[in-house]
Amino acid sequence: MFREGIMFKPDERVLDALLDYKFLLNRGYRRQQALRIIEERYRLTRVEKVFLYRSVFSDEDIRNRLAKKVLLNSIRNSKILVDGFNVLTVIRSAIRGETLIICEDTFVRDLSSAFQKIKLDDNYYRALEIFLSDLKDLSLTENNTILIVYDAPVSRSGILAGYTRELMKNHGIQGTALTVQKADKTVIEESGVIVSGDSYIISRALKICDIGGIIALRHASAKENIISIRRLIRERLKEFDAKTLSEGVKKIIKAPGNRDKRARERKRGQDYTK
13 MFREGIMFKP DERVLDALLD YKFLLNRGYR RQQALRIIEE RYRLTRVEKV
63 FLYRSVFSDE DIRNRLAKKV LLNSIRNSKI LVDGFNVLTV IRSAIRGETL
113 IICEDTFVRD LSSAFQKIKL DDNYYRALEI FLSDLKDLSL TENNTILIVY
163 DAPVSRSGIL AGYTRELMKN HGIQGTALTV QKADKTVIEE SGVIVSGDSY
213 IISRALKICD IGGIIALRHA SAKENIISIR RLIRERLKEF DAKTLSEGVK
263 KIIKAPGNRD KRARERKRGQ DYTK
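In terms of our numbering, the sequence shown has 70 at position 58, counting the first letter as 1, and numbering is strictly consecutive.
Note that these hints are calculated values from the structure, not bench results.
Accuracy of the hints is not assured; some may be wrong.
[As the list claims (entries may be wrong)] Simulated DEER-style distance windows between Cβ atoms:
| # | residue 1 | residue 2 | range |
| --- | --- | --- | --- |
| 1 | ASP23 | SER145 | 25 to 31 Å |
| 2 | ASN182 | ASN155 | 18 to 24 Å |
| 3 | GLU236 | ILE171 | 19 to 25 Å |
| 4 | GLU141 | SER167 | 18 to 24 Å |
| 5 | THR188 | THR118 | 42 to 48 Å |
| 6 | TYR175 | LEU249 | 43 to 49 Å |
| 7 | SER151 | ARG25 | 14 to 20 Å |
| 8 | LEU249 | ASN182 | 47 to 53 Å |
| 9 | SER215 | ARG242 | 40 to 46 Å |
| 10 | ALA164 | ARG242 | 32 to 38 Å |
| 11 | ASP71 | HIS183 | 25 to 31 Å |
| 12 | TYR175 | ARG48 | 41 to 47 Å |
| 13 | ARG138 | ALA164 | 19 to 25 Å |
[To be verified] Simulated crosslink set (BS3-like; lysine-lysine; CA at most 27 Å straight-line):
| # | residue 1 | residue 2 |
| --- | --- | --- |
| 14 | LYS194 | LYS129 |
| 15 | LYS148 | LYS81 |
| 16 | LYS91 | LYS219 |
| 17 | LYS61 | LYS21 |
| 18 | LYS131 | LYS61 |
The beta carbon of each residue, even a glycine, is placed where N, CA and C say it ideally should be.
Given the sequences, and given the hints that come with them, work out the whole structure.
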C-alpha cells in the first residue's frame, strides 16, 4: 500500500474536521478520543486520520513544544543527537515530491512514513548526503559534535551507519553514527540537542531542533505539495465565527453514538470529557 508515496490535498470536509478536532483538543479531550469522534462524524480515511493526528495540536501542547525548540543560530558547542531514520525519512519524502506538512507545532512531517516500513533504497542514501552537506552549509558542524542514531532492527541499518561514518569523515564532521535497539530512547537519555520531528521524542526532550524539517523544505521537489496547517486554519476560520464552530462541535459530541461511547468510557473510569 502507498508504495509510490502519498500526495494529499485536504478538501473542505477534511478542513472542517480539522477545525473540530482542534476545538476538541483545546477542550481537553485526549488526542485519540477526539480523533475517534471526528473520524465517525466525517468518515475519515486512514490518510485523513494520520493527517489530522500528525499535524494538529492543542494550544497548550503547542506552547510546551515551542518552549523546547532551539533556534539554529543558538546551537554552539553542543552535542547534536540525530534520530537518524526520522530525519532521513522526511528528507526522502521531500526529494520524492511527496506531501510535507508544516504542522501546528511548526515541525515538518510527512504522511508516507505512517504507512510504509523503512526499506533502505537509493533515496535514503541521497537524503543522508543532503543532510550532512546541509549541516555544513548551516554552520552546524564547526563547533558541535554530531551523533546519528539508527534503529538496529531495520534491515541493513548497520551498513547505513558505516556509510554515514565514512561520509562524516569525508566532510570533516566531528562525531559518529551507530545503531541501537531503540533510537528514540537513546537520544532522549543522552545530553544534547535532539534532532527529530517525532512527537514521542519531542514530548520528552529538553532541547529539540527540527533540522531535518528545515532541510526537507529546502530540497522539496514539489513545493505545491507543502501544506501549512496554520495557514489552513487561518483561511478556514475566516469563513466561520467561534459561535458557529462551537455549536457544530456540540452537535457532534451529542450525537447518539458518541453519547453511548462516553457512557461506556465513564463506566470504565475513562471519561471522554476530561
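We went through each hint and held it up to the structure:
no.	hint	in the structure
1	ASP23 <-> SER145: 25 to 31 Å	violated, 38 Å
2	ASN182 <-> ASN155: 18 to 24 Å	holds, 20 Å
3	GLU236 <-> ILE171: 19 to 25 Å	violated, 35 Å
4	GLU141 <-> SER167: 18 to 24 Å	holds, 20 Å
5	THR188 <-> THR118: 42 to 48 Å	violated, 29 Å
6	TYR175 <-> LEU249: 43 to 49 Å	holds, 47 Å
7	SER151 <-> ARG25: 14 to 20 Å	violated, 44 Å
8	LEU249 <-> ASN182: 47 to 53 Å	holds, 49 Å
9	SER215 <-> ARG242: 40 to 46 Å	violated, 20 Å
10	ALA164 <-> ARG242: 32 to 38 Å	holds, 37 Å
11	ASP71 <-> HIS183: 25 to 31 Å	violated, 40 Å
12	TYR175 <-> ARG48: 41 to 47 Å	holds, 42 Å
13	ARG138 <-> ALA164: 19 to 25 Å	holds, 22 Å
14	LYS194 <-> LYS129	holds, 16 Å
15	LYS148 <-> LYS81	holds, 20 Å
16	LYS91 <-> LYS219	holds, 11 Å
17	LYS61 <-> LYS21	holds, 13 Å
18	LYS131 <-> LYS61	holds, 24 Å
Checked against the numbered hints given earlier, this structure breaks hints 1, 3, 5, 7, 9 and 11; the rest are met.
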